[in-house]
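> Numbers 431 to 501, taken from the working numbering, label the letters of the sequence shown in order.
Hints were generated in silico from the structure; no laboratory data involved. Treat the hints with caution; some may be incorrect.
Unchecked claim - Calculated lysine-lysine pairs in the DSBU-like style (CA-CA distance at most 30 Å, straight line):
hint : residue 1 : residue 2
1    : LYS438    : LYS480
2    : LYS472    : LYS458
3    : LYS433    : LYS493
4    : LYS500    : LYS448
5    : LYS435    : LYS448
6    : LYS500    : LYS472
7    : LYS433    : LYS458
8    : LYS433    : LYS472
9    : LYS495    : LYS448
10   : LYS495    : LYS458
11   : LYS480    : LYS493
12   : LYS479    : LYS434
13   : LYS493    : LYS454
14   : LYS454    : LYS435
15   : LYS438    : LYS493
16   : LYS433    : LYS500
17   : LYS448    : LYS479
18   : LYS500    : LYS458
19   : LYS435    : LYS500
20   : LYS446    : LYS433
21   : LYS448    : LYS480
22   : LYS458    : LYS435
23   : LYS454    : LYS472
24   : LYS434    : LYS480
25   : LYS479    : LYS435
26   : LYS500    : LYS454
27   : LYS479    : LYS446
28   : LYS495    : LYS435
29   : LYS480    : LYS495
30   : LYS458    : LYS446
31   : LYS495    : LYS439
32   : LYS439    : LYS479
33   : LYS458    : LYS448
34   : LYS493    : LYS448
Please read these numbers as outputs of a predicted model, since none were measured by experiment.
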Amino acid sequence: MLKKKNLKKLSDHELKGKLEELRKEMIKINAQISTGSAPANKGGIRQIKKNIARILTFINQNKTKIQEVKK
Numbered sequence: 431m432l433k434k435k436n437l438k439k440l441s442d443h444e445l446k447g448k449l450e451e452l453r454k455e456m457i458k459i460n461a462q463i464s465t466g467s468a469p470a471n472k473g474g475i476r477q478i479k480k481n482i483a484r485i486l487t488f489i490n491q492n493k494t495k496i497q498e499v500k501k
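Kindly produce the complete structure, drawing on both the sequences and the hints.
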């Protein structure tokens, strides 16, 4: 699980890389489900979705902070 303090340490480039990695993992799990096989980690689906949302929220917060500074 990604925590807020860990996300603060990452740069924008690293956050986007982590986001891509999580999305690819989500695609793999969805493919497993659609073929009828059980995913390796059922609880992991919810955790991946939460981590994706957490990263997106953090990226958007950083964008708004930058825009406020420019004004």
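> So which of the earlier hints does this model not fit?
When the structure is compared with the hints, numbers 6, 10, 18 and 26 turn out to be violated.
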